[in-house]
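Asks: Be aware that the sequence shown starts at 1, since it is given in UniProt numbering, and climbs by one per residue.
Since the hints were made in silico from the structure, they are not lab data. Every residue, glycine too, gets a C-beta built ideally from N, C-alpha and C. Possibly wrong hints are sitting among the right ones.
To be verified - With a straight-line Cα cutoff of 25 Å, these simulated DMTMM-like cross-link-like pairs (lysine to aspartate or glutamate) come out: (1) Lys-113 <-> Asp-101; (2) Lys-42 <-> Glu-75; (3) Lys-66 <-> Glu-30; (4) Lys-66 <-> Asp-122; (5) Lys-13 <-> Glu-30; (6) Lys-114 <-> Asp-101; (7) Lys-105 <-> Glu-75; (8) Lys-14 <-> Glu-103; (9) Lys-115 <-> Asp-64; (10) Lys-66 <-> Glu-103.
To be verified - Label-pair restraints from in silico Cβ distances: (11) Thr-130 <-> Arg-38: 42 to 52 Å; (12) Gly-86 <-> Ile-26: 30 to 40 Å; (13) Arg-38 <-> Tyr-60: 18 to 28 Å; (14) Glu-30 <-> Leu-55: 14 to 24 Å; (15) Tyr-60 <-> Lys-114: 23 to 33 Å; (16) Glu-30 <-> Gly-86: 33 to 43 Å.
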Amino acid sequence: MGRSPCCDENGLKKGPWTPEEDQRLIHYIEQHGHGSWRALPKLAGLNRCGKSCRLRWTNYLRPDIKRGKFSQEEEQTILNLHSILGNKWSAIATHLPGRTDNEIKNFWNTHLKKKLIQMGFDPMTHRPRTDLFSSLPQLIALANLNKELMMMDHHHHQQWEDHAAVRLQAEAVQLAKLQYLQYIFQTTTPTNTTSTPPLLNP
1 MGRSPCCDEN GLKKGPWTPE EDQRLIHYIE QHGHGSWRAL PKLAGLNRCG
51 KSCRLRWTNY LRPDIKRGKF SQEEEQTILN LHSILGNKWS AIATHLPGRT
101 DNEIKNFWNT HLKKKLIQMG FDPMTHRPRT DLFSSLPQLI ALANLNKELM
151 MMDHHHHQQW EDHAAVRLQA EAVQLAKLQY LQYIFQTTTP TNTTSTPPLL
201 NP
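All chains should be built: construct the whole structure from the sequences, respecting the hints.
Replies: See the structure below:
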């Protein structure tokens with residue numbers, strides 16, 4: 001029966017590291033090296049398991065960690081090695097000085113994996129995705145249908161605009177006729193409505 005992982009031991013602290021714990025781990029490794037990670041916590045006076053100490057040192061505290069954006073060369077190296085090694089992040093990290101396996105894994109999942117998918121490649125095999133080729137006729141048909149719908153919509157929109165223009169023109173002509181009739185009516189109507197009775201002959 002295999003022994004249980006050290007982090008399962010009762011009484012060991014878990015969760016975020018404090019600045020005091022970081023300094024204690026850094027000081028011990030600078031003085032003695034890390035040696036056996038399983039024995040290190042007790043020697044360094046830390047109430048942590050060996051795995052927690054190793055991950056904290058490797059991913060956050062060691063002085064040669066390289067921070068910041070991955071370069072194009074690093075990105076290409078990760079792609080090349082992943083096509084050969086798969087998700088063996090620790091092995092890939094040995095070819096990228098200053099980069100941690102955890103950092104490389106996160107960069108792969110958030111950037112490179114999506115980039116391969118967008119380019120039409122399977123992120124596991126790094127080969128063109130066959131499912132895209134099988135669905136290509138459907139994609140082309142969908143694109144053509146969308147184009148036809150856009151053309152029909154434009155045609156109907158143009159018809160509506162033409163109809164609206166004709167209707168507005170007819171209304172303008174009708175309004176002009178009404179205004180003209182009103183003008184004629186006003187000019188032919190006498191301004192003085194008082195009539196003078198005719199003179200009677202004696």
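Asks: Can you name, in rising order, the numbers of the hints this structure does not satisfy?
Replies: 2, 4, 9
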